[in-house]
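1 is the number of the first residue of the sequence shown in UniProt numbering; add one for each residue after it.
None of these hints come from the bench; they were simulated from the model. Incorrect hints may have been included.
As the list claims (entries may be wrong) - Okay, derived cross-link-like pairs now, DSBU-like style, lysine-lysine, Cα gap no bigger than 35 Å in a straight line:
#, residue 1, residue 2
1, 162, 89
2, 89, 6
3, 138, 89
4, 162, 120
5, 89, 13
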Amino acid sequence: MEIILKPIISSPKLVLYLRELESIVEAEDKKRRYFYEEISEDQKAEFINGELVMHSPAKLRHTVVCKFLSELLDTYVRIHGFGHVGSEKLLVSLTRNDYEPDICFFSKEKSAEFFPDQMKFPAPDFIAEILSPSTEEKDRVIKFTDYAAHGVSEYWIIDPDKEIVEQYALRGDAYELLLKVKHGILQSHAISGFEIPVRAIFDEKENLDMLRKILSEKE
């Protein structure tokens, strides 16, 4: 951040830059208020860098992968009382942008503050985004930077076509790639004890086997 700001701070145009930025932020805040007023529960929409982003319906492969991981994570978290898992229509409101992550997890401490009619949520502890051609750039660039800047401690990027999972962990204020895998075991750093085969995200039989294993932990 200091590297970016240094030439601006040292410029005699600093105050002019500041006024221009204030004008941009004011206009963006107006758009954002309109976004909050207009979005409805049946839409998947995000507010990103001053623009309203509407999402088209997802392909079957995307929805299946989202369902497989969401069910595993939600079942595990509820059995252990670790917090709350949200998916797709939950609006995460950060300092500038509003996102609807495919899957996210909030710790018990954070989710204890939630209330039934809540519509905007703070930065989660874990986010998984499932790539599509229309979202990949945002998932890999804007969201990647924004999630890290707001302390999301773990980020998974999932390619449903190549069946690859990238696991990132927060180190300081940036993400470090821990794994990029098609097979093997994924062990979450944000969710204690959550450990699944990569194939359980993509393969129905593997998914059901893992779901049974998680459910058996309750017995």
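Are there hints from earlier that the structure breaks, and if so, what are their numbers? Violated hints: 2 and 5; rest satisfied.
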